[in-house]
Structures are given as structure tokens and as C-alpha cells.
Amino acid sequence: MKLLRLEFKKLIHQRRSYVGWVGIAAVPVIMAAALSLSSHKPNPAEGGPDVFLALASGNGMYVAVAAIAILTIFLLPLLASMAGSWPIAGEAESATLKTWLFRPVTRGGVLLSKWVVAIVYLAIALGLVAAAAYTAGAIAFGLHAPALLSGGTVTVAHGLWLTLLAYLFVLAGAICVLSLATLLSTLTNSSLTATIGALVIVIVLNVLGSFSFFDFLKPYVFTSRLEAWQGLFSSPIDWTPITHGLVAFTLTSAVLTIGAWIVFRRRDVLA
Amino acid sequence: MSAVSPGAEQGGAAPAPPVVLATHQLTKRFGDVLAVDHLDLTVRRGDVFGFLGPNGAGKTTTIRMMVGLVFPTEGYAQILDHRLPHDRVAALKHVGGFVEVPAFYGNMSGRENLRMLGELSDDGSDARVDEVLDMVGLRERADSKVGEYSHGMNQRLGIAQALIHKPEVVILDEPTNGLDPQGMKDVRDLMRGLGAAGTTVFLSSHLLHEVEQVCNRALIINKGRVVVEGPVSELRPEHSAVKVLTRDQTRARQLLGALVGSGNVSDDEEYLVVDGVDGQVPDLIEQLVREGVKIEAVVPAREQGLEDYFLGLTQSSDVDRGRSASV
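Going down the list, the protein sequences come from chains A and B. Numbering-wise (the working numbering), the first sequence opens with residue 1 and increments by one. Numbering-wise (the working numbering), the second sequence opens with residue 1001 and increments by one.
Hints in this document: simulated from the structure, not taken from any laboratory. These numbers were taken from a predicted model, which means no experiment stands behind them. The reader is advised that the hints may include incorrect statements.
[Claimed, not checked] Derived coverage of chain A by chain B (criterion: at least 3 residues anywhere in the stretch with Cβ under 8 Å from a Cβ of chain B; other residues may be distant):
| id | region |
| --- | --- |
| 1 | 6-15 |
| 2 | 98-111 |
| 3 | 260-269 |
Idealized CB from N, CA, C, for every residue including glycine.
Build the full structure now, drawing on both the sequences and the hints.
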């Protein structure tokens, strides 16, 4: 607990933490402003985020949902890569890793506390996105009972509940990226290398996912499951892709994080 | 090679103080480079131990292995009864210090850094933080962000964090690096004070005179190996050369050349430098006087740089082996 608290203290003392939070929370605000000011309406027939953008342009409830549809494409993986890379490689870069490990702390404890605090960082980021989205959405469009993709509407409370589930699912997906970055950050002394490495891998996996030739890989690759939360907004909900996605995320994160621990517990700290 | 001579300087039957820090055949290989080569050293309670060597001698790698930052290829380090790297956490409770330039969280104040690092070692109380700030003379700037500190202040903060949990052993890597003369004096006084109070100090340095001023024992390392270990008083190279200035240098050169061999007499500006004079200096002077040569000055030619000294020690390594074994 001491390690967690101190890691969190370090996190909130870093300016870049706030840059990430402010940046990501600005997205739903910009979205809501653009949707309400522009006469052009997104076409739901184009699929992807546009489905939710179209819904958001009439109902502030959907701004939060459209926001994650857009954020999961790039900004969230970026933030997850950064959050996963700072703790080890970032501290190796500033040489504070040796200061920290000069103390009677276990390497496993250090790694785990950093990983958990990075997750907390992402959770806060998503919380800020939701808060900004509902605020901006309410101002721009008002909060109404949301319509589902499959037709019909649910209550505002039910809509909030579905959105919370979607956010948790997206967070679980982002933890995979974060764990990947954490593993890379134990292999390099440059946080930028780890960040970019993790992003490149995520992008390459996405590219592979867009070719049907690689379909046989899909069940094994977490990136192919990042959009499964969209099924929450149909009725009845098909839980299979969602639970499969969560299982895949859990396994991926666990393997990557254990890998990070295996590297880090025996790594020479030379920086 | 048996460079370790536990308790050699202890007179009589007094038992040697317990070992608080040691390395046993400690070895680190980076690829083809043997950074530390079967290093044995023993530091006992209350020692202010100098760890001397030129840059790149393996000092920092040794320290990193002593505190579990780097894993040895062979051998192990020992702090009190704890072996590293296996028993790292238990060992590190008793150690404070830093490796190379102390590094801190620049967006936090010195005080916050101290509190946090102290807490990791179970003493981050405000009272103790103030105490160590006073010890290093950093109280006034304690609430400024470390990112705004000068190099000297950063160095002082490094010493403060080393002491915060009252460790039994303090390992300091070039602590006076980049300090002004007053700062150097303060830090050296502090190290002496720690030793006097029973804290064991392990001081890594490339400054021979610093080690002479502060330490009671020392070890010289070069290319990852022990060159010589022993009481500090025995570290200096013996003065095997003197510089001689007389009214008649030509005549003096002839006489000295006849006594020590003309190959051992050379020039240094207006002086004659006479090598290979171990223990013969009184005889040489007497001889010159007897021959009527008026002597202006005879001075030890000891202003030899430490780098030269290391060079000399490592070049004549056979001699040094004999020497280190006998210390």
C-alpha cells in the first residue's frame, strides 16, 4: 500500500499526467461543440464511430459513447502506451529508478505498484472523459432516454449503466496496451522507445485485423476485440463477444505483465 | 590473491569489529568486458573505507552490485549477515547512499523527496527530515523543487537521503563531486563525523588526498581488480624519487649518478630528479656535502598525479601483487 500511495504521489506531481488528462477530456467537448455547430450530420450508414456520432448529435447521452468510439482508435492506446512506459523506462531515463531501488523494496512490488497506478491513471482519464462528455452533451443536446442500435429506447439510468459497462470494457482493453508498454519499458531505458514500440505493435495488429487473410489470428489478438463493447447498445445484448473479449484482455494483460516481471526482477539497473 | 587482511591493523588481542560490508569473489562481465574481476573486500564496523580508483576502474559497478542494482556474474556481496542479490531487501534496510549522481524527482521539493524515500526505509518523519536537512545545510532550500537545485545542492540532498533512516552503512559514490571547496570540507567533515559516531562509511573516490583526509582504510581498484588494500597511511607510493637543487648541478649530477646509476638521474626544470633512492636519501646528502656541493633544496618528488600512480601500479603488476599481499 505504501508503494501504491507513493507511486500515485509521484504521478500527481508530474505535469505530463495533467497534459494527458486534459487532452483526452477535451475530445468529447470538441466533439459536442462540433456536432452542435455543424450543419453536416454524420451518416450512421458509414458504420464505426459515425453510428454513435449520429446518435450523439441528437442526444447528449451518446456523447460519452461516441467519445470512446473515437478515442479507442488512437488517443487511448497512445495514453495507455505512455502510462505504461513512464513508470520503469521513464524513471530509468531520469535515473530515479536507481534511487528508488536503493531502498528496501522488492522489484516485484515496485513493478506491480507502478502497473496498478498506471491503470488508475487511465481509469481517471476515462472518468474525466465521461464527466466532460456528459457535461458537454447536456449543454449541447440535453440528456434524453437513449435509443438503442437495434431500435427501441431505454431509460436514462439504464443508458448510464450500459455506458459504464462500455467504459470498463474499454479500460480492460487499454490495460492490454498498457501492459505491453510496461513489458517494453523493462527492456529499454527510453520511455519514448517503449511508447512508440507499444503503439507500433498495436497498429500492426490492427492492420493485420483488417485483412481477412489473417482471420485465423483474430481469436488470439486482443486488438480484434476492442470494439465488442458496441454490442452493449443493442437489445438483447449478445454477451458472448463481450465476455470472450474480457477473457482475452485478462489473459493478454497477465502474460505481458508477468513477462515484464520476469525481465525486471533480474535486470541490471545501469542508468 | 589474498588482498584481504582482516584485522591486520588491530593490535593485540582486541577482536576485530564485525564485518558490515564485504564482497566475495565479486565479478561482473558485460559482454567481453570484465568490469569487476573476482573482487574481495571487507569493511568492518566503524571503518571509513576509501574505495579508490580511476574512472572506469569498476567502482560504480561494484557499488551497484553491493546494493542489488546489478546482478553479479559470479560471487556475491554481503551487508551484515545478508547476501545480495538474494537477500536484497533485508540488506538494504541497513544501507543508505547513492550511485553516481544522486537522482531525484525534479517536480517535488527536496523535503518531499526526502519524506518519500525515508518512508520507503520506514523513517520519513518530519523531525528526521529536518534533522538530515540540517546535517547537510539544505534547510533553507528544502521547499524548492529539486529541479531548480544546483549540482552542489543535489549532491547534498543525496547525502541527506542516504542518512535519513540512520543506516549502519553509508555508501557514497564521489560525494564531493562538483562541490565548491567549502562544500567539500563540509561533506568530508560529515563523513568523518559519521565514522566517529560508529556509522560505517564506504567512500568511493578518485581523489587520493580525499581518501587520505577522511578514511582509515582503503582499497585501490583498477580494471576491476584489487591493486592494493590496507590502512590509508600505507597507500601512498613510497617516495622513491627526490628532487635536488644545488649550487653546482653539474657536479651533483656526476656524484649522484655514481651513487644511484646515471640512468636514474634526470632533469625537471632547474632540479635534478633522482630515482631509486629508497632509504638512501640521508647518505646521498651526506655524500654531496662531503664533496663540497652546496645544497639549496631536497624535496620529495611526490607531486605525482593519481592517474600516473595508478598507471605505475598497474604496469608493474607483479610487484603490486607482492605488495598487496603483504599489506
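Quick rundown of the hints versus the structure:
1. 6-15: holds (count 6)
2. 98-111: holds (count 9)
3. 260-269: holds (count 3)
Consistency note: the structure conflicts with none of the earlier hints.
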